[in-house]
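Using the sequences and the hints, build the whole thing.
For the sequence shown, position 252 matches number 276 in the numbering used here, and the numbering has no gaps at all.
Check each hint, because a few of them may be wrong.
Unchecked claim - Think about it this way: if two alpha-carbon atoms lie no more than 30 Å apart in a straight line, the pair counts; the simulated DSBU-like pairs of lysine-lysine are:
#1 Lys-157 with Lys-392
#2 Lys-535 with Lys-515
#3 Lys-157 with Lys-535
Bear in mind the hints are in silico, worked out from the structure with no lab data behind them.
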Amino acid sequence: MRTSIPVGPEKRVVGGATDDHLLKRDAMPSISRRALLRGLAAASAPLAAARLPGNAGGLFADRAAAAQTPGAMATLTVATNRAPSDLDPHSAYDAGSGVVVQGPFEGLIRVRAGTTDAYVPQLATAWEANADKSVWTFHLRDGVRFHDGTPFDAVAARASFARLLALSLAPSSVLGRFVADPAQIATPDSRTLVFHLGRPQPLFEAAIAAPYGTAIVNAAALRAHAVGGDWGHAWAQTNSDGLGTGPYRVTSFDSEQGAALERFDGYWGGWNGPHFDRIAVRVVTEPETRRELIEQGDADIAQTLPLATVSDLARNPALVVDHRFNLAVWYLAMTVGGPLRRPEARQALCWAFPYDAVLAGVYDGYAKRAVGPVAALCRGFAPDTFVYPTDFDRARSLLRQAGVAEGTNLTLLLPPGNADAQTVAELFQANLTRIGLNLAIQQVDFPTYVSIFTGDQPADERPNLLPSFWQPDYDDGWSQLWPQVSCEAWKVGNGGHYCNQHVETLLAQAKDAADDQSYLAALANIQQIVTRDDPAAIYFAQPEWATVLRRDVGGFAPNLIVGEIIDFHSLYRRQE
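Next comes the structure, spelled out in structure tokens:
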């Protein structure tokens, strides 16, 4: 167990079932962590819709109508509001794209579904580290071919990692923390890949199993599509033909509508037993429509539904709601500037936040208080991190110490179309009036929100509060903390332009810690500072992630790193 305390997913019983993941949780707002972090291509530079071979008749057909035709039950339809924007796994770093690229692409190993710290083979069958974990060796699977028939071997794997590092796009940061140069990757034979990291790196196993930045692509095939030394990146953003080793190939892709996938008959994992032949990832922005699709049987899986909807659907006997805590923490980033420049002012807002009202009124009890910025399931979580109660007297006193006058105006920036996030903002707005502050809630479109959150406007010109959630790339508290609070992450995920030099020193210590004791001590110190001493944000909730499924869909287990990601090959339709 890699977590610092032995915590697992909480279990509930629904309708007599004993699955440890059925029922409900909060609505997952559309303020996607990864959209904010990596600047979703759809937000900053939208890709043209791509129609790939096999798209005759459009991306999707009505599932209920299609059921009248032979083979229709071999299609799985996923309804989501996360639009895929990129098919290149060496640049795709948002949940919408992440769902789709799981079909054609695989890594060496992956996180076991339903866990955060157990790993299973993919393109590697076995792996081990030397005594100090500075050298990691992976033994590759024999008989694997890319979709174009090219054999997969150690040279191909190394070329893929070389491409990832050379492109140096957002996902490269996952492995770039450990490997700076392809020269550190050796291929002693065709079935062996060795990473020489130069120093003890106990977290490398977790990183190379991450959902982002670890997929193997057919780098040799991409050379034919290279333009200006881009390693075929421009082409690969809307094409994946021949590039992956995974169970499905993308046959249609549209950055607004979604994607269609068909099974790759030559998949090394085989097709014995029940599997879906086709996958339809359908982008449906309106939550009411996603609800209708799953209720009527026109979708098999629905994601990111509002809390009230999830609660209602849990009572539908035709549906199952999988719910578990994962690594996400919800918070309000506070801009370090203007009236919130001093720590005392930010502490005051932490004391004034309506924690209990939000948990009960917004999450309906299907969330727990966040204990600082790191989730309880995450390695490096510090359970002794300070937890604020609501105390208006303390808040008023701290505002006086900070020199914040009664009647001061604050602004909270909010993307559109999210009732739960709006309710959180309004509850906080009411509490702030009790300590003499005025909060204006300013709604903007999502691209504008992303551009401001990740932008370089001076702190005094930024909104005072920005709602978000964050989850790490893998089971690692440093990966959770660095994007939120590092002085170097202002254009990544540090929306409040927080910068504390002591925190920066501790982040550096945790990043390269060779043992658990120094790693955990540095992370615990950071969590206390950014929560209590010099707050970066108001950390208020750790909700459960919910996925709604038709009851006849079997084989589902959630990805606790990125909730939207689905292991399509493991799913099948139960026959009544």
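Status of the hints after comparison with the structure:
1. Taking the CA atoms of Lys-157 and Lys-392, the gap is near 36 Å; set against the 30 Å cutoff, the hint is violated.
2. The straight-line distance between the Cα atoms of Lys-535 and Lys-515 is roughly 20 Å, inside the 30 Å bound, and the hint therefore holds.
3. This hinted pair checks out: Lys-157 and Lys-535 have alpha carbons roughly 15 Å apart, not beyond 30 Å.
Hint 1 from the list above is the single one not met by this structure.
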